[in-house]
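Asker: The chain contents come next:
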Amino acid sequence: MAHNKSYTLGELASLLNLKLVGDEQCAIHSLATLKNATPGQLSFLSNPSYINQLESCNASAVIVDAKFADACQASALISESPYVSFAEATALFDDSPAYEPSVHPSATIHSSVEIPDTAYVGPNVVIEPGAKLGADCVIGSGCFLGENVTLGKNCFLHSNVSIYHRVNVGNNVIIHSGTVIGADGFGFAFDGKKSVKIRQLGSVLIGNDVDIGSCTTIDRGALEDTVISDGVKIDNQVQIGHNCKIGEHSVICGCTGIAGSVTIGKYCVMGGASGAVGHINIADKVQVSAMSLVSESITEPGIYSSGTWHMKTSQWKRSNIRFQQLDSIAKRLKELENPTDKN
Amino acid sequence: MAHNKSYTLGELASLLNLKLVGDEQCAIHSLATLKNATPGQLSFLSNPSYINQLESCNASAVIVDAKFADACQASALISESPYVSFAEATALFDDSPAYEPSVHPSATIHSSVEIPDTAYVGPNVVIEPGAKLGADCVIGSGCFLGENVTLGKNCFLHSNVSIYHRVNVGNNVIIHSGTVIGADGFGFAFDGKKSVKIRQLGSVLIGNDVDIGSCTTIDRGALEDTVISDGVKIDNQVQIGHNCKIGEHSVICGCTGIAGSVTIGKYCVMGGASGAVGHINIADKVQVSAMSLVSESITEPGIYSSGTWHMKTSQWKRSNIRFQQLDSIAKRLKELENPTDKN
Amino acid sequence: MAHNKSYTLGELASLLNLKLVGDEQCAIHSLATLKNATPGQLSFLSNPSYINQLESCNASAVIVDAKFADACQASALISESPYVSFAEATALFDDSPAYEPSVHPSATIHSSVEIPDTAYVGPNVVIEPGAKLGADCVIGSGCFLGENVTLGKNCFLHSNVSIYHRVNVGNNVIIHSGTVIGADGFGFAFDGKKSVKIRQLGSVLIGNDVDIGSCTTIDRGALEDTVISDGVKIDNQVQIGHNCKIGEHSVICGCTGIAGSVTIGKYCVMGGASGAVGHINIADKVQVSAMSLVSESITEPGIYSSGTWHMKTSQWKRSNIRFQQLDSIAKRLKELENPTDKN
Numbered sequence: 024m025a026h027n028k029s030y031t032l033g034e035l036a037s038l039l040n041l042k043l044v045g046d047e048q049c050a051i052h053s054l055a056t057l058k059n060a061t062p063g064q065l066s067f068l069s070n071p072s073y074i075n076q077l078e079s080c081n082a083s084a085v086i087v088d089a090k091f092a093d094a095c096q097a098s099a100l101i102s103e104s105p106y107v108s109f110a111e112a113t114a115l116f117d118d119s120p121a122y123e124p125s126v127h128p129s130a131t132i133h134s135s136v137e138i139p140d141t142a143y144v145g146p147n148v149v150i151e152p153g154a155k156l157g158a159d160c161v162i163g164s165g166c167f168l169g170e171n172v173t174l175g176k177n178c179f180l181h182s183n184v185s186i187y188h189r190v191n192v193g194n195n196v197i198i199h200s201g202t203v204i205g206a207d208g209f210g211f212a213f214d215g216k217k218s219v220k221i222r223q224l225g226s227v228l229i230g231n232d233v234d235i236g237s238c239t240t241i242d243r244g245a246l247e248d249t250v251i252s253d254g255v256k257i258d259n260q261v262q263i264g265h266n267c268k269i270g271e272h273s274v275i276c277g278c279t280g281i282a283g284s285v286t287i288g289k290y291c292v293m294g295g296a297s298g299a300v301g302h303i304n305i306a307d308k309v310q311v312s313a314m315s316l317v318s319e320s321i322t323e324p325g326i327y328s329s330g331t332w333h334m335k336t337s338q339w340k341r342s343n344i345r346f347q348q349l350d351s352i353a354k355r356l357k358e359l360e361n362p363t364d365k366n
Numbered sequence: 024m025a026h027n028k029s030y031t032l033g034e035l036a037s038l039l040n041l042k043l044v045g046d047e048q049c050a051i052h053s054l055a056t057l058k059n060a061t062p063g064q065l066s067f068l069s070n071p072s073y074i075n076q077l078e079s080c081n082a083s084a085v086i087v088d089a090k091f092a093d094a095c096q097a098s099a100l101i102s103e104s105p106y107v108s109f110a111e112a113t114a115l116f117d118d119s120p121a122y123e124p125s126v127h128p129s130a131t132i133h134s135s136v137e138i139p140d141t142a143y144v145g146p147n148v149v150i151e152p153g154a155k156l157g158a159d160c161v162i163g164s165g166c167f168l169g170e171n172v173t174l175g176k177n178c179f180l181h182s183n184v185s186i187y188h189r190v191n192v193g194n195n196v197i198i199h200s201g202t203v204i205g206a207d208g209f210g211f212a213f214d215g216k217k218s219v220k221i222r223q224l225g226s227v228l229i230g231n232d233v234d235i236g237s238c239t240t241i242d243r244g245a246l247e248d249t250v251i252s253d254g255v256k257i258d259n260q261v262q263i264g265h266n267c268k269i270g271e272h273s274v275i276c277g278c279t280g281i282a283g284s285v286t287i288g289k290y291c292v293m294g295g296a297s298g299a300v301g302h303i304n305i306a307d308k309v310q311v312s313a314m315s316l317v318s319e320s321i322t323e324p325g326i327y328s329s330g331t332w333h334m335k336t337s338q339w340k341r342s343n344i345r346f347q348q349l350d351s352i353a354k355r356l357k358e359l360e361n362p363t364d365k366n
Numbered sequence: 024m025a026h027n028k029s030y031t032l033g034e035l036a037s038l039l040n041l042k043l044v045g046d047e048q049c050a051i052h053s054l055a056t057l058k059n060a061t062p063g064q065l066s067f068l069s070n071p072s073y074i075n076q077l078e079s080c081n082a083s084a085v086i087v088d089a090k091f092a093d094a095c096q097a098s099a100l101i102s103e104s105p106y107v108s109f110a111e112a113t114a115l116f117d118d119s120p121a122y123e124p125s126v127h128p129s130a131t132i133h134s135s136v137e138i139p140d141t142a143y144v145g146p147n148v149v150i151e152p153g154a155k156l157g158a159d160c161v162i163g164s165g166c167f168l169g170e171n172v173t174l175g176k177n178c179f180l181h182s183n184v185s186i187y188h189r190v191n192v193g194n195n196v197i198i199h200s201g202t203v204i205g206a207d208g209f210g211f212a213f214d215g216k217k218s219v220k221i222r223q224l225g226s227v228l229i230g231n232d233v234d235i236g237s238c239t240t241i242d243r244g245a246l247e248d249t250v251i252s253d254g255v256k257i258d259n260q261v262q263i264g265h266n267c268k269i270g271e272h273s274v275i276c277g278c279t280g281i282a283g284s285v286t287i288g289k290y291c292v293m294g295g296a297s298g299a300v301g302h303i304n305i306a307d308k309v310q311v312s313a314m315s316l317v318s319e320s321i322t323e324p325g326i327y328s329s330g331t332w333h334m335k336t337s338q339w340k341r342s343n344i345r346f347q348q349l350d351s352i353a354k355r356l357k358e359l360e361n362p363t364d365k366n
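Sequence lines, in order, name chains A, B and C. Numbering (our numbering) for the first sequence: 24 to 366. Numbering (our numbering) for the second sequence: 24 to 366. Numbering (our numbering) for the third sequence: 24 to 366.
Mixed in with the good hints, there may be bad ones.
Pairs involving identical chains hold if they fit within one copy or between any two copies, as the list cannot separate such chains.
[Claimed, not checked] List time: in silico DSSO-like cross-link candidates among lysine-lysine, alpha-carbon distance up to 27 Å:
1. K289 / K354
2. K354 / K216
3. K357 / K58
4. K308 / K289
5. K340 / K354
6. K268 / K220
7. K340 / K308
8. K268 / K289
9. K268 / K308
10. K354 / K220
Hint data in this document are derived by calculation from the structure and do not stem from the laboratory.
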């Protein structure tokens, strides 16, 4: 797919700060995988297990580690981190819409709010009293920024994002459509007959360079703030409960649910649809597999999983029947091992 | 519940193309289950295990297979596929609001966009440059259609749907409120200190006759398009990652999470809250049970499950302790079976 | 964090109807946990296991059960239910924005709709023909209320909520942003080649005193109504399928998915990311653990769980291999126990 931008390989080498082995004048119009690339495209080899694809690749150029340069039939852009260089290349070919600084006349902005000259505020945006926007922000159509919300510089809120009062967002934060930041945490005191609402008096504090996907929800704290630290990346459909603290550069994959008052360390990865029960701590550099539940604190880095693998349902049912008998099975085994215990 | 529409059984037989055994003039004002139907209502027998309910049913008429017609006390509409005929009947009694062709003055539509005379564009809709709508589309209030989005004929977007730039939607597609199509896929290259964003240069391609529920998210592809094929039905709260390909007529139940670069075949059913890890293939006609995770490719049709059944928590804890010892249990069993191995 | 409101302990004792042991004139400006409280703050001791924190707590006052009053260094507010009293105190310190009765000029309200003098209707709200609002309702910006929607008194809809036609909401209902009530249930009749849509002719009936979180979806019934009873509390990202009935005062935690036609009793708790398959009944006072799936009806109160605990992935893989062999393991054990059966 052509992305309406074109560079010579010489330009790309310069822009990406990479060494070129090949034709400086060759025009590159887009990016592609090794398998699907055609002439005029730039590809990359990040995972060495794809090296076979390198030989048959039709790309005009490939971003490769120096040690694979010789295996490359096409021109080579030599990188110590081909995947990072590829990520940087995607920015060069990105044709996402640009939003010129302006305030759409249909936006409802309280008179106390100052919009920087460099900001874009789209149609039907609502900005409540006391809110503050940094330079270069883009606020997509239909977004709601509650009272005293603050956004740092260069934030990009896509359409229909809702941010409740007093939420504090850092610089360079991207928030995708449908996401809700700062709604009430889920807290009730049961009085024996009914649930009495605990008003959620804290807020949400989001650091710098945070990305948040679409239809994700991050609740405000009960008494203190829910905290999303610098560099955290959060996918779609994620739920983060009140009072959680997510450490720097952790990654939360789609559909993950984090209950209230969970502290997650730095450089963690919560796999897709994983979860954590409330009031636990997860150490730095913990990885949790897809659809695994963390049911108590984890104190050591490492990879953790729960659940069982998929099987044909007929076999799985048999295993499940036995799972229900498992304590009995273990005890019977022990008896066989120690028959004299019975005497 | 009366739905404000009424037909005689003769009319229904004609509209549904079914043979009537009974009173042509009988007026039917609504639909109901066998168990709850009252006179003036039409019911259906689809699952033979409900045949006992047929005898005591108070409906004025029942859609039945010919072989059950005699068991029917009421008038009978004879169908080879009673459940499909029932589905067709629901369309006759549907009283959902009709939207007359019109463009609400509060909509913000770029001057380059042509709205067909037969389309409805609701309040506060935002349509960006280059977007195209087919005939008979309904765009509910607060929807956002990004640059160069194309919708085919007869699409119905309920309120507050967000569709990002370049997403391509076929004909007869229904998208429910809060859903987000074409947000960035979740892709980052880790540079040793931080996650570098991989811009998502692909888009989303949605075929014809696709239904998409509410608060569902379908991400744009990294380099190529995420593809939802003709006839696919997607429920609420579903997450479909970048680069996925969902085959024709597959059904994705609510809360399912599909990681990136997953290919799902035709006529598959992903059960509620099921999942699939990234970069795998699932064959045609695979069914995955509720809350089951597909953790590697599935090459054969069939029914697959993971996880364990619910139990009383006290018993479940005992099974769980033993699950953690399971490898040891298996080895000890083998030792008992082969005691001489120990020598 | 100071919440801009301040009370003397004497005032708090009176407002919360509690006995004060301590300084009536002491000013309290906010609430905090025992661990983090500083002078000028009010804390609470609900869980006796935190009694050690009581002794070192720096709060000016603590809400405590009478039996712990002596252990309290600070002033004490004596409560039979300290957690409920704390919940009531949060309401006193809540500084959420107040919305003065008014109708924003950008709202699109059908001429047939009467807005009570005491209601707030925010920017870009859309209210369709036949809708009815009770007194004291707050309708946040960008909300959509479909045809013939009725809201009782004192409902609070945060921004960007979508409510489909004919949904009926009781009094004192809170609905958070991004939530969708009354979208089509997921029903299709498969005709051998494609899925034929079953129009969803029912609606959703929501009782009094219901709280619903953000990005939650509750589908309309197929023929009858989906019912959410009085006092039910629903967290974020919850999916409730068509025809479900949720009993009084049940609590549904975040990310839970309830398939269609499920009946849940009174005073149940569905833990975070739990689920229930379709067409089952769950008795009163059932608690389901986090990420557990209820796969058949539960007839007795109690606590239920499914799944397995998290483990280091390396160990978990070994248990998983054995789980797949579990039926064989059980049979082999039986053979060892009954060796003569083999003869």
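Asker: Against each hint, give a clear statement of whether it holds in the structure.
Answerer: Hints versus structure:
1. K289 / K354: neither (42 Å within a copy, 38 Å between copies)
2. K354 / K216: neither (43 Å within a copy, 49 Å between copies)
3. K357 / K58: Classified as neither: same-chain Cα gap 55 Å, cross-chain 47 Å, threshold 27 Å.
4. K308 / K289: Answer is within; shortest intra-copy Cα gap is 6 Å, inter-copy 39 Å.
5. K340 / K354: both (22 Å within a copy, 15 Å between copies)
6. K268 / K220: both (23 Å within a copy, 22 Å between copies)
7. K340 / K308: between (36 Å within a copy, 20 Å between copies)
8. K268 / K289: within (10 Å within a copy, 33 Å between copies)
9. K268 / K308: For K268 and K308, only the intra-copy Cα distance (15 Å) is at most 27 Å; the inter-copy one is 32 Å.
10. K354 / K220: Result: close neither inside a copy nor across copies, 47 Å intra and 52 Å inter.
In the structure shown, a violation is registered for the earlier hints numbered 1, 2, 3 and 10, in ascending order.
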